[in-house]
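Trainee: Given these sequences and hints, build the entire structure.
From first to last, the protein sequence lines are chains A and B. For the first sequence, the residue numbers in the numbering used here are 6 to 206. For the second sequence, the residue numbers in the numbering used here are 655 to 897.
One thing to keep in mind: the hints can contain errors.
Derived CB-CB ranges, DEER-like [to be verified]: (1) Thr754(B) / Asp145(A): 31 to 41 angstroms; (2) Ile168(A) / Ser813(B): 32 to 42 angstroms; (3) Glu874(B) / Phe200(A): 31 to 41 angstroms; (4) Gly795(B) / Thr138(A): 36 to 46 angstroms; (5) Arg96(A) / Gly751(B): 18 to 28 angstroms.
Below, a list of computed lysine to aspartate or glutamate pairs in the DMTMM-like style, where the Cα atoms sit at most 25 angstroms apart [to be verified]: (6) Lys133(A) / Asp846(B); (7) Lys133(A) / Glu794(B); (8) Lys891(B) / Asp90(A); (9) Lys738(B) / Asp683(B); (10) Lys65(A) / Asp699(B); (11) Lys133(A) / Asp699(B).
So, partial list: chain A residues that the calculated Cβ filter (under 7 angstroms) puts toward chain B [as the list claims (entries may be wrong)]: (12) Ser18; (13) Gly19; (14) Val71; (15) Met87.
Read the hints as simulated data drawn from the structure, not as lab findings. On a predicted model such as this, the values are computed, not experimentally measured, just so you know. Backbone N, C-alpha and C define an ideal beta-carbon position, used for all residues, glycine too.
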Amino acid sequence: MTGAVAKLVALSSGVSGIGELLPIRGALTSSVKSNWLDRSSQLRPVTIQSDRISERPVAKSFDEEVFDSLVSLKVAVATYAMHLDQAERQRLFDELDSKLNVDDWHEGDTLPAQTSFVAFLKWMIFSKYFRWTSIGVSNDGNILVAWNTPSVLLTANFAPAGIVRWTAQVNSQNGEIGHSVGKCPLRLFSEHALFYLQRTS
Amino acid sequence: MPDARQYPRPPIVEAVIEIRIGVPVSARDSERLRDRFKRRYEKIDVLNTIEVMVTGAAEVSQRALPVGYKMTSASGTDIILLNKAAISTIRLAPYPGWTTFVAAAQENFDVFTKVAGRPPITRLGVRFTNRVDIPNAKLEGGEIGEFFTVGIAAHAIASTIGEYYFNFNGLHPGTGAKMFVQNGVAQPALLDHTSILLDIDASFDSDVPQRIDELWQRIEVLRTAKNAIFESCITDKCRELFQ
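Mentor: Written out as structure tokens, the structure is:
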């Protein structure tokens with residue numbers, strides 16, 4: 006048999022996943038890493054190396070899944086920590102803690118998608134508008150966000166692919182009420198949202 | 655030792671202190687370690703390596719072998735990796751500073767030795783992954799080389815350079831630490847930005863001290879090396895992005 010065993014090698018073990026390099030990093034780095042540590046591995050007839058630890062989830066209780074989901078959203082916040090001040094990070098954490106708890110979630114509920122939450126974070130940093138009122142989760146796991154100002158109630162559903170479905174209720178000074186809805190990519194939603202949210206009254 | 659340069663918004667997305675040992679931790683000790691760390695790192699993932707066997711007849715079989723645990727704090731920012739042959743203390747952004755980070759690593763290693771004893775230490779590693787988010791507007795008409803002192807020199811064959819990746823290893827001249835540096839374009843983290851990763855791993859895998867006090871002194875040396883490498887790899891224009 007000419008089989009070869011996968012090895013854990015080279016770099017100090019991080020959890021990365023954050024900021025994967027764009028090119029085929031696995032292929033590039035595994036060859037170089039094997040050079041670094043063990044040049045003899047090149048001489049083996051068949052070598053398939055896995056230099057990254059895989060994670061295989063074991064059966065978890067629903068409570069654990071809810072907790073894991075909460076942690077995964079906080080990890081997403083960490084990814085953007087250098088673009089969010091401490092007060093904003095804490096506000097996000099408090100909101101997530103209040104919304105993602107075992108008392109309010111039940112077996113069968115779809116937990117929030119981290120990619121949807123990341124879309125919201127990207128939008129918030131891009132638009133530089135941090136005054137959201139509340140955060141929720143749709144039935145399909147998308148992040149829902151509401152902004153409430155004296156003249157506007159704006160809601161948005163952030164799909165993981167970066168598409169936002171939004172509604173706006175505008176109250177005029179003389180008591181008239183107008184409604185608008187839309188669907189657009191993150192960048193355009195910034196324009197739409199700021200148009201409403203930056204109304205003075 | 656002078657303090658390292660401080661940045662208000664450091665681009666560090668992941669910091670790692672890894673201590674590698676020469677005698678694998680037993681499965682029983684691995685479970686005891688998991689239980690000891692559970693209060694501080696509540697989210698537990700079992701780590702497996704996937705072993706792939708390819709035979710001459712092109713038959714492929716695979717199996718998962720448990721090798722340890724990845725445990726994450728409730729805040730999502732502090733992680734410990736327990737492998738059979740290593741313990742890694744990991745901090746995601748926001749980076750709290752070296753003093754806090756190394757104290758966590760010391761505390762974790764102290765718990766580790768109380769549970770698993772004092773196996774020979776074979777490697778010390780300090781790895782910092784930085785992600786620099788450059789506004790595309792700052793790149794228009796310029797090039798990434800204005801932000802990094804290391805890069806791809808391919809002007810003779812390419813008028814512009816888009817995505818790229820490279821790595822190199824060597825010895826850091828000031829400390830003698832081994833270094834492995836990776837640099838390249840990552841998935842953009844922000845809209846209208848280009849994200850560049852600068853991943854620095856500094857390590858010692860020979861003459862590794864076995865005394866605790868000397869061990870942490872050597873890790874301080876690795877810190878010095880990784881800081882020096884980082885500062886050497888970036889330009890003032892890059893520093894402006896996280897001042």
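Trainee: Give a verdict on every hint.
Mentor: Right, here's what the structure says about each hint:
no., hint, in the structure
1, Thr754(B) / Asp145(A): 31 to 41 angstroms, "holds (39 angstroms)"
2, Ile168(A) / Ser813(B): 32 to 42 angstroms, "holds (35 angstroms)"
3, Glu874(B) / Phe200(A): 31 to 41 angstroms, "violated (53 angstroms)"
4, Gly795(B) / Thr138(A): 36 to 46 angstroms, "holds (41 angstroms)"
5, Arg96(A) / Gly751(B): 18 to 28 angstroms, "holds (23 angstroms)"
6, Lys133(A) / Asp846(B), "holds (13 angstroms)"
7, Lys133(A) / Glu794(B), "holds (22 angstroms)"
8, Lys891(B) / Asp90(A), "holds (22 angstroms)"
9, Lys738(B) / Asp683(B), "holds (9 angstroms)"
10, Lys65(A) / Asp699(B), "holds (10 angstroms)"
11, Lys133(A) / Asp699(B), "violated (35 angstroms)"
12, Ser18, "holds (5 angstroms)"
13, Gly19, "holds (5 angstroms)"
14, Val71, "violated (11 angstroms)"
15, Met87, "holds (4 angstroms)"
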